[in-house]
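**Q** Chain by chain, the residues:
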Amino acid sequence: MSSPTRASHGTRFEGTRFEKGHATRESAWVKWILISLGLAFFALFLVLPLASVFYEALRRGWGVYLASITEPMALQAIKLTLIIAFIAVPLNVVFGVIAAWLIAKHDFRGKQILTTLIDLPFSVSPVIVGLMYVLVFGVNGWFGSWLVENNLKIIFAVPGIVLATVFVTFPFVARELIPLMQSQGRDEEEAAVVLGASGWQTFWYVTLPNIKWGLLYGVILCNARAMGEFGAVSVVSGKIRGQTNTMPLHVEILYNEYNFAAAFSVASLLALLAITTLIIKTWVEYRGAHAARLASGGRQE
Amino acid sequence: MAKRPKGQSFKSYSVLPGFNLTLGYTLAYLTIIVLIPVIAVVIKTTELSLAEFWQVVTAPRTVASYKLSFGASLLAAAVNSVFGLILAWVLVRYTFPGKKIVDALIDLPFALPTAVAGISLTALYARNGWIGQYLEGVLGIKVAFAPAGVLVALIFIGLPFVVRTVQPILQDIESEFEEAAASLGASRWQTFRHVLLPIITPALLTGFALSFARAVGEYGSVIFIAGNIPRVSEITPLIIITKLEQFDYVGATAVALVMLVFSFFLLLVINGLQSWAARSTGRTH
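From first to last, the protein sequence lines stand for chains A and B.
When we follow my numbering, the leftmost residue of the first sequence carries the number 1, and every step to the right adds one.
When we follow my numbering, the leftmost residue of the second sequence carries the number 302, and every step to the right adds one.
For the record, the hints were derived by calculation from the structure and aren't laboratory data.
There's no promise every hint is true.
Below, in silico cross-link-like pairs of lysine-lysine (DSS-like), each with a Cα-Cα straight-line distance of 25 Å or less [as the list claims (entries may be wrong)]:
| id | chain 1 | residue 1 | chain 2 | residue 2 |
| --- | --- | --- | --- | --- |
| 1 | A | LYS20 | A | LYS31 |
| 2 | A | LYS212 | A | LYS281 |
| 3 | B | LYS312 | A | LYS20 |
| 4 | A | LYS31 | B | LYS401 |
| 5 | B | LYS400 | A | LYS20 |
| 6 | A | LYS79 | A | LYS153 |
| 7 | B | LYS368 | A | LYS281 |
| 8 | A | LYS111 | B | LYS368 |
| 9 | A | LYS212 | B | LYS368 |
| 10 | A | LYS79 | A | LYS212 |
| 11 | B | LYS443 | B | LYS368 |
| 12 | A | LYS239 | A | LYS153 |
| 13 | A | LYS239 | A | LYS79 |
| 14 | A | LYS31 | B | LYS312 |
| 15 | A | LYS212 | A | LYS111 |
| 16 | A | LYS281 | B | LYS401 |
Computed footprint of chain B on chain A, listed as stretches where at least three residues anywhere in the stretch have a Cβ under 8 Å from a Cβ of chain B [said to hold, decoys possible]:
| id | segment |
| --- | --- |
| 17 | 57-69 |
| 18 | 162-172 |
Glycine included, every Cβ here is placed at the ideal spot set by N, Cα and C.
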């Protein structure tokens, strides 16, 4: 079995394993041309846009910056974004774990179709996601008249934003856990069950410790997307200031009002969220690889 | 890996508990969140006759938007395939200062909200922006508020897909292949072209398809930079939004159905590519 981390053994010092052998090495000028090309593209498309967010945000000084992110409408948007993520992420974590248990630990017909359906939300345009929920829950939608009679509001209200967010972040956790749990097999769980553990005990004491890094990884990505979703949320929110305005929508409103400094100030908070996400993600990858290396090393000996 | 069940039983025997519970929950959640809304699109479209449907989805303004959305997405995926391969290669094969930071930042487009990317790219490429002042001021190339802006935004959001699908495959390649090729007298380029490229092609195509699929549906980052001029720089998702704002729900749904069908098709292609990639590199997923 090839462990994904094995190749990283020689990477820390004096070149990768490929740079050591004659046969796997290019001449120095090819190497530096490729590095320059790659880094130029990287700088142009990733570093500059990120730097530009902070530059534009702080262009008018700290006073304007702080005022923009502490004015009541901005605070309201921040609060709503946190609430949405706080509801949507746990829903998809529970679903992701349950679906991964089903797919990785059981064999049944139609499993491939089910896996494809779980991936589906990744390939649906966010705008269409919003449209779908308008068709189902809007005033003229399927449940529209029933909702009006019962004085419930989903579209142009917080529940609609939650639903749209749940849809776009639907596969993140499941997608991360399914291959991980499949590669870990069922031996440990089967041993636990044979020894008399209940299903819940098996999950809690055997499966969960094995998948915790993958789970955390999925949660982080899910959260980043939940807080940053724009297209789907913009269709169902109605953009009512102070009520259904999330941070990305608030950025759009400020930008369209030519209030660029304020738009970039709120955007910079989202950029900070993205950077934090990447830092935690890198750390989780490192810990996960470390744990996998320990596990595979332990098994070989 | 356990084999798929054969014969009359729907499910093969397992000592592990929770099958009925997890199956029920998964199907219920999937139905409520995903399937009912998707079916709603199909049913809503049946309010149109076939002729009306055809008229809506082939209106000149809509057709112009397909050309832009699909054309720019293909081009962006192609650019990302070339530079994504270079970046993956550089990250796997070489060491250079700051490599770890580069590796971590590749995923920025996954983590940065699209609206933020949109306004930031617009600021960069506008006439007075860091890049735009040279492109537009010196060279006369208009990027922001023009179709080229759509391309720039789609390159940004699709960038990590190719790098992240090709990188693990490159990482796993054993040196023996290249040593054999070199000992048989192959040049470095011949080795890459005839030994390495066939190994990474399935992953490269998967990355291309993922990047393309993401780009076709993209909305947030594009609308800020595109200028949204009808028939010139108006993408298909924006056509749907425009129809919605005019309360033309049926029209919006018809265009959405066209995109949905295309997405389903792409999803199947991507699934096929992924299993090809898994088979050809012997990865058990």
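**Q** Which of the listed hints are broken here?
**A** 3, 7, 8, 9, 10, 14 and 17
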